[in-house]
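The residues making up each chain are set out below.
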Amino acid sequence: MNDVNIVINEKHYTFPGNITILEACNRSGIAIPTLCYLQGVSDEGSCGICVVKVEKSRTFDRACNTIIFEGMKITTESEAIYKARKMNLELALAHHPLDCMTCDKDGDCTLQDLAYQYGVKKSRFLTEEDQISTLKENAWKDNPFILFDEQKCVLCRRCVNACMNTAQVEAIAIANRGHLSKVSTPFDLPLESTTCQFCAACVQACPVGALIEKTRVGKGKLKDFTKTDTTCAYCGVGCNLSIYKDSADNLIMAKGVIGDPTLNNGRTCVKGRYGHEYTQHPDRLTTPLIRKNGVLEPASWEEALDYTAKRLSEIKEKYGSDSIGVLGSSRCSNEDNYAIMKFARATIGTNNIDNCARLCHSSTVAGLAKSFGAGAATNSYSDFSASDVFFDIGSNTTETHPVIAQIMKEHLRKSDCTLIVCDPRKTDITKHAKIHIQHTPGTDVALLNGIMKIILDEQLENTKFIEEHVENFDAFKQKISEYPLEKVAEITGVKAELIKEAALIIGKAKNMMTFYSMGITQHSTGVDNVLSIANLSLLTGNLGKPGAGIMALRGQANVQGACDMGALPNVYSGYQSVTDPAVKEKFEAEWKVTLSDKIGLQATLFGEKGLTGELKAVYIMGENPLMTDADITAVREGFDKIEFIAVQNIFMCETVAVADVVFPSTSAYEKYGTFVNTERRVQLLRPVRKHHPNVMDDWKIVSRLSQKMGYDLGFDSVQDVNREINKMTPSYGGISMERLEKSGLQWPCPTLEHPGTPILHKEGVTKRPNQKGLLHAIDFKPAQELPDSDYPFILTTGRILYHFHSGNETRRTSVLNEFVPKNYVEINPLDAKELGIQANDLVIVTTRRGKLELNAKISERPKKGVVFIPFHFSEAPANILTNAALDPVAKIPEFKVAACHIQKK
Amino acid sequence: MKIYRIHALICAGGQCISAGGDSFESALKKELQAADLAEEIQIVETGCMGSCEMGPMMVIYPEGVVYVRLKPEDAEIITKEHFLKGRPVEHLMWRKEEGAFPRLEEVPFFAHQTKLVLRNCGLINPENIEEYIARDGYQGLAKAIADKDPKLVIDEIKKSGLRGRGGAGFPTGRKWETAYLQTSDIKYVVCNADEGDPGAYMDRSVLEGDPHSVIEGMAIAAYAIGAQKGYVYVRAEYPLAIKRLTHAIKQAKQSGVLGQQILGSDFSFDLEIRVGAGAFVCGEETALLNSIEGNRGEPKKKPPFPAEKGLFGKPTVINNVETFANIPVIMTKGADFFQTIGVPNNTGTKVFSLAGKVNTTGLIEVPLGISLRKIIFDIGGGIPHNKQFKGALTGGPSGGVIPATHIDTPIDYESLNSLGSMMGSGGLIVMDEDSCMVDIAKFFLKFTVDESCGKCTPCREGTKQMLNILEKITSGQGEEGDIERLEELGNTIKQTSLCNLGQSAPNPVLSTIRWFRNEYESHIRDKKCLCNVCTLSSPVKEVKKHARKKISH
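So the sequences go chain by chain: B and U. In terms of the numbering used here, the first sequence opens at residue 1 and continues consecutively. In terms of the numbering used here, the second sequence opens at residue 1 and continues consecutively.
No wet-lab data here; the hints were simulated from the structure. One or more of the hints may lead you astray.
Now the in silico label distances, taken between C-beta atoms and shown as ranges [said to hold, decoys possible]:
{"#": "1", "chain 1": "B", "residue 1": "822", "chain 2": "U", "residue 2": "272", "range": "49 to 57 Å"}
{"#": "2", "chain 1": "U", "residue 1": "246", "chain 2": "B", "residue 2": "141", "range": "23 to 31 Å"}
{"#": "3", "chain 1": "U", "residue 1": "239", "chain 2": "B", "residue 2": "128", "range": "53 to 61 Å"}
To spell it out: a stretch of chain U is covered by chain B in this simulated footprint if at least three of its residues, at any positions, have a beta carbon under 8 Å from a beta carbon of chain B; those stretches are [claimed, not checked]:
{"#": "4", "segment": "147-155"}
{"#": "5", "segment": "445-452"}
{"#": "6", "segment": "497-505"}
Because the structure is a prediction, the values reported are computed rather than measured. Positions of the beta carbon are idealized from the N, C-alpha and C atoms, including for glycine.
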């Protein structure tokens, strides 16, 4: 970009071209008032407040959207400019009520600031009846999230642009024209009947009090709140949030942090925006509990810790270290997980440590490690914009990773990028796809092999990449030849032409990014599925460059971190193998204990090993396996046999209810530490609110307990833990908390000078010992339980936008729970018709393991023969029904396919 | 080819049809059948002849006899007297004041006109491409393609001095050159036929009467800039124009002057019609492009100009109907010829729809630089009932009033602007002594208030507030300071509105305040409408004589 010389207020400046007058003035310290402008979201120039005079221009020009040019002469202040701005301000205020005193946005309102600056006490055009706001009924009336007071609206359109450019939803727009125009939903339908996903980007964009979170109304003004920037504690996107609390430590509202274009940059989803009320919920555990005479009773910390230490020590003494199982947590920080990992290995002396990644991406960790030598997502959000094809398979991206879906949709809208979605359900993201392959659940390997056969047949494989960076091509090719299109079409239930069309697009892509999630991993063939995805990327050379790679979308806020920290039975932090003598020696030297080199138990085996008597005690930090494991009835039977169960949690939940000792811990919005998002970015978690005096950080509970058991973990602060992580984990060597104060860092980041690694396997050079990618010859294997005459439907389970996992947080956030208060089963209209089921009818869903009574939701989303049940609802838990058939390698259960029977009650 | 004794040109323009031209034509056909004259006399349905007030019209060649205000029952006598006996029916003919019966070209209304854009309107059958070709149609396109250098076309247009007839008068050649210089695989040519000014129907008449001239103009533009695709954006209120244009596009494709490999060359250009949905603002070019793209018809910030980044983000030449209709003339007759018409820097002609208090209303085409006086008195035949000429409004709701004192002002872009009006697309409304200027301003402002898209605050809210003040004034509730408030609002709206609709919306008000401030003052201070148009709540009745006296000064 050439430099451009301009004159502002008779002073000379030089800027790189292509910036606006506003940007030039900002950089020069010249203040320009704005109202409708919102950087990166809205620059339509509707308000006419930022006008300046450009020499030779017939009219005034808008600073916000006028690009500077060589020799431009700009005047930013004059009587005429002042008058014009003031007049437009008065016009903006022509219907705006004079009720700042009672407005929630008082003190946080651009209009108010401008009125102050320009001395507009009352617009000359304001009529008597408009002076006081009277809330009119409108499309926003019934939804629990967003309030719209039309009279306060100045039609700046920031909300409309935010809905389009930020949320990528277009649920609201301008209706009518001229002075009758208004912000509206299509045909004034209630907002909840539109495509709105309640991310409230519109609210965040509103410069006045017209759009506001219903949940904050009457709870204070900006001056009453304290703001803290932290990382969202829900999904793996890792949005940066500013959370506001009142003087009584209640979390009131949240905004997406604006500024880092490589991250969420202002975006968040409905859970990030609203899902923080649980932190101040009366159900919070605030005292340790000990089971006495079958009942959990309050106890002191000393008593609970002593008792637990005693029991664990006894069991270890009596049955050996491996009779104890420990669970770290994807909901807890790196420091919490490192501490419990060290506790399991050093204090207890077992590798029986795992976390709920077992239930979500254990197949990824295993599969991608086989193919590339590292089991994590390869690329970053910021390089999606370099893709010309998005291949999204087995991911309900809009609901499970809402902000990633927004980033994807933005790129799709702004470029010629093509989206292909493979999902048995017609989820929201499929609406943005050129091709939607609605295959039968559990047929992913066949589908992917079929696609790769066409690519090979059409000679669209990346020969150069394969030659230089890939091994085992011949065996792979041989296997692929067994998957002709007709066979694949039959297995998957998808039209052959559609598969071919998709394969040709994939084969011809310059840069393809693959996205996948639980639809791939949660199968008894989860690892095979992941290997097939890796195969496709190796075959087409889509690895190690911007816009080309594999985004394994991690589900929980710190599931990546829990794995990175070694809360896994086979590795220490940084995926250092427990069976590697050098690694063992290193940790033994540091920890001054003897460590086990025997790979431990996977979390999904805890129930079974409890039943067999091999597992005598479990220690669980922040997880709820009795809700989230498959076939929970069986798991519960196993847990019943376990002699001693101790848990750390923030709420009473299914697993806490069966514990012998309960330790109340801090929530993610109360602790200091680090989280890792799905692009391997380590980010700071800052305490937003003070925790209850009688609860403790998870790492601290573990440390105290370890001390009681006679081993000092050596941690007096979070920083102590973090320093040990840096020291003992090569890929985290340079990720200090001091550096994270400035911005997140993507591992590997071995030294303090290292900038972090946005793209793994650069140029196709993988992390395997010979630096090559390994192709695998994979056979299609059907799911473990297929429909038959007794159980004719396929049941698949998953998440919904408004709730999260076992529901502990979202079900205790009134606004979310009010919006989706109970469980349901999605049934295809054709199936519903055959079964005589109508919307909201009570139906009984039965599998070989249990049954649930649910309301029917007739929906085009599942394909015929498939039903879907979310798993968030403890009163009707989907996992009573799911099949605990495990992947032989990753031990992940087959949550996505079970045979079921449905009948109307 | 069949030879006919008589050609009867029946105006099939919108006005004549709605005045009953259709019924007259069927009656005439029946009479000709009955008289066994169908083989001797050819009826030609032409486009608008211009003098719409006189419609339904028919011109008989070879004599050039002009029949006006025809009714079905007149068919019999014309057939019997004129066609059978060769005696023109005088009581149905256009009559000069002194009682003479002029031939078409002698009628003053036509005699002072110069027809380039309307060269074929009223003369040829718009549904027959051969008639267009017979009048040198598609020669301009053929010449452009034969010369093999698009740059030559652009140079010719630049040299002609043609300026955009949509109203702003931007040099057409420069616009084309900008688009020509853009590097892009895809470029577009768009014709703005979303004519919306109240009372203006120049573009409709061209589309109805000579659609091929627009198609040819667009094809030449496409050749010049390297476009493959074009759109004509026509308002839905013009069904006849849409019908004739659709037919013409089909014929042009069949004849090889549109579509693939035009005239056997490598040049291909396809044309599609897009029908508007009744929003005036879609006549603003960026709003129009938004509408074609399927978005809400709202203007966008310029720059980037459409020639750089227009339809679907690609370089786009967008001109209005009249501009395109000029192109074939320039290409066939040359820029030098074109420059001889009009005055320097304002070359060529302009079509106006002459309306209001003038004896002969209708569509006229005059060389630029002609005086307002000549238009009103020589062509329009003066003010009815010998009333006083008070002012003329050009530019429709975007324009302003030219007062009687400036009646000798030459009609060119710059002179009109300097008087606070503008050329606009060609509406020309004549007002006499009975027209209340506050009321006129209110009428046009109401139109813009209704048609404002609402995107920017100054236009959406400002024009509404101005209208509120005008309504107050005209109902007798005006107060001191209202005029100044109108001026203050008007200036802000002009300076800070996003598009031309808003930037020009205050013109009718500001120009009437400029020239007729006394009328505003009398409404406000004396609660009197000097022309007795406004009903003021204050019950002071004004005597008309007094009003007349005042204006004649």
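Do the hints match the structure? See the list:
no.	hint	in the structure
1	B:822 with U:272: 49 to 57 Å	holds (52 Å)
2	U:246 with B:141: 23 to 31 Å	violated (46 Å)
3	U:239 with B:128: 53 to 61 Å	violated (47 Å)
4	147-155	violated (count 0)
5	445-452	holds (count 4)
6	497-505	holds (count 3)
In the structure shown, a violation is registered for the earlier hints numbered 2, 3 and 4, in ascending order.
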